[in-house]
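Participant: Residue strings, one per chain:
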Amino acid sequence: MSAIHPDEATAIGLVRPGRVEGRDPHTIDGTVTSDPTKRPPLVLGNHTFHTVSETICGWIQQKTPPWWMAAFGVSATVAGFGTLMILYLIITGVGVWGLNNPMSWGWAIVNFVWWVGIGHAGTLISAILCLFKQKWRVSINRFAEAMTIFAVICAGTFPGIHVGRVWMAWMLFPIPNSNAIWPNFRSPLLWDVFAVGTYFTVSLLFWYMGMIPDLATLRDRSIKKMNKMVTVGPMWAPHPLPDFVKRATTFQLPMYKVAAWAYGVLALGWRFSSRHWTNYEKAYILLAGVATPLVLSVHSVVSFDFAVSIIPGWHTTIFPPYFVAGAIFSGFAMVLTLLIPARELYPGMKDFVTARTLENMCKIITVTGSMVGFAYITEFFIAWYGGNPYEQGAFIQRAFGQYWWAYFAMMFCNVVSPQVFWLKWCRTTPWFIFIVSIVVNIGMWFERFVIVSSLSNDFMPSSWAYYSPTFVDMMTFVGSLGIFMTLFLLFCRFLPMLAISEVKNVMHAAHAHLHPHDDHHGKGGH
Amino acid sequence: MSMTFPRWANAIPGALAAVFGLGGGVVTAGVWYYFTPSYWEVGYRPDQPVDYSHQIHAGKLGMDCRYCHVSVEDSYKANVPDAATCMNCHTGEGETGFLNNDLWRAHKNNVNLVTLRSSFASGEPVRWKRIHKLPDYVNFPHSAHVNAGVSCFSCHGDINEQKVVAQAESLSMGWCLECHRDPAKALVDVDNLLGEGKVRVTDLARVSKMLVSKEQQERGAKLAELRQIQPPDNCGACHY
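Those protein sequences? They're chains P and V, same order as listed.
According to the numbering used here, the first sequence is numbered sequentially starting from 2.
According to the numbering used here, the second sequence is numbered sequentially starting from 351.
Check the hints yourself; a few may be wrong.
Unchecked claim - Chain V is faced by these chain P residues, among others (derived, beta-carbon under 8 Å): (1) 135; (2) 179; (3) 184; (4) 224; (5) 259; (6) 261.
To be clear, the hints were calculated from the coordinates, so they are not data collected in a lab.
Predicted, not measured: the structure shown is a model, and the values here were computed from it.
In this text, a Cβ means the ideal position worked out from N, Cα and C, and glycines have one as well.
Starting from the given sequences, assemble the full structure and let the hints guide the process.
Facilitator: So this is what it looks like as structure tokens:
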């Protein structure tokens, strides 16, 4: 290749960590630079293709870390408790929640919108950033897509159980039936079913399809050790456990054979042939194209649940863009909340998830947080400028009424807190980013609560009521966090957390025509 | 690289697609056919405590349905007659009644009449088994339908031909709505608006022929227009 595209030239490592000139002394790993003409490498360390596979597959194939067992135990317990709460709700009825007459939606819709919003980051990172050729996304896209899928699962739970008679939840879908009852096609609640359903399907396909080459890598690595037996049993057990108990509960199992079969089935016969790669690349870009409008459409439709109604404070055209910005805002925050601990806990992950990746995500958080803040202010301006007394009343209630604390929590968490990322130290210090990301998640939950609680002051002052959640409300929400974390930890343990083939693609070695000394040609070496 | 799976594994995806495609089709078709009131409800024909024959009374003898089901024009419910109604005709020997004493003697030991007479004497009602039953969350006013010119036949079928009554229609909500959206197929000319003669809603022998005739759709549409019949299809029409 004679001409090098400037973007290419920077990405392929004309700038290497040790050789960056004028490197900013404040940054942690040399990947953050204030010089726009220099672009640091996306993968640190002296990685070859082989060591990349070793590192990422090692997280799966090595022994279960003790912290994972502990975290999984806690998450699964919380998830189980949440499931019991749902069971209690189904057996007893929605009266176990704090719903009252004007506030008929309560926490269920707050949690639904919160989780769906969180689910936006994955597709944004994998689809939109892919189309914009943002190569730094390769170290986080798999992670974010998995998070998206689990978030949407948690989101889907809430409308499903809020219908009260869960055995009638099939009526959410337009299914021909002998009652001749159809959902109301003019209702955004039905559009929501389609929007979220499509989003979940496409995200799942995108996630799975992108994972096929990596699953094949795992299959091949398992085949190599096919005949090795693995000791499964209470090696962690306390010392006083009698020997015969230990013996009786310890097994030699052909786990690699199981893994080879499981990954083999999931890899769908992938053989790393160039024809496979050609089809893969085409399918990837097509799915990215399909998924891109979904990033914008899903939360627009979710916002219609509110905006299409005639409740003052809900009936505004600003809702779709404002919801989409908020969704991306909260999604990125949740990715950071999960990514930063994972980066510390998994050895070698920092080579891929660099300070620059975190910095870029912080910048997106500041941008979307400012958009959300702008929307909050616009809402107030329009309430005043529009001259509608009911609209004005709703907004005065919102800021200074019975839920003033929620409003100010939202304003602080969503509008003020992301502005700290204007400071370089703040957006390059992982523990600090972690704290802000949690604050943002709390803020976005409050945003939905603030919107939904507008119902408390409906059209008839005599029916105004204060909504307070019950124990079951709270524990169902906490339980959904448990379900989310359980699924996520399982993902970390059994599936490739980083897109191995994509990471290899952005390494220096992938562009070996410029570096004849590199020994691997083409991707997919293992 | 050694093969993980034998060569025949290549056939698995196709086989799975076939099995799930076919299985899915069978399940859908099964649910479609079996999971419906038209499968479970239609044809329900329980044994009644008295072998009362609609075929004899309403068919052969030509009795009007309203002779026994008196309240049908005035009330939501079409009542089941008590034994006293039967006693109008089936009175005992020497008592005043429509049946002569010869007929009475011929049926003297008929077990069904014994049951009826003892019910009449004791006041303990005959335990008829209910066939047409709607859920308690739906209201069906018989009066509104009968007075609008919907024949008994449209919902209960050819009662005049049945020795033991069975459920003729599914009574599902979809079935109700089908008629509410297109009432023309069920309307008969109770007021002689079309000048072809008055038609009784209870004249099952005649109505059953009229309703399946080619002209019914046109005739019914005219009647619906003349009588301004616009059946509601909102939830609150029946569920209140």
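Participant: Determine for every hint whether it applies to the structure shown.
Facilitator: Evaluation of the provided hints:
Taken as an interface hint, residue 135 of chain P does not check out: its beta carbon lies about 34 Å from the nearest beta carbon of chain V, beyond 8 Å. With a least beta-carbon distance of about 4 Å to chain V, the hint placing residue 179 of chain P at the interface is held under the 8 Å criterion. Interface restraint check: residue 184 of chain P against chain V, minimum CB-CB distance 13 Å, threshold 8 Å, status violated. The beta carbon of residue 224 of chain P comes within 6 Å of a beta carbon in chain V, closer than 8 Å, and the hint placing it at the interface holds.
The closest approach between the C-beta of residue 259 of chain P and any C-beta of chain V is roughly 12 Å, which is over the 8 Å cut-off, so the hint fails. Checking residue 261 of chain P against chain V by beta carbon gives a least distance of about 6 Å; that is within 8 Å, so the hint holds.
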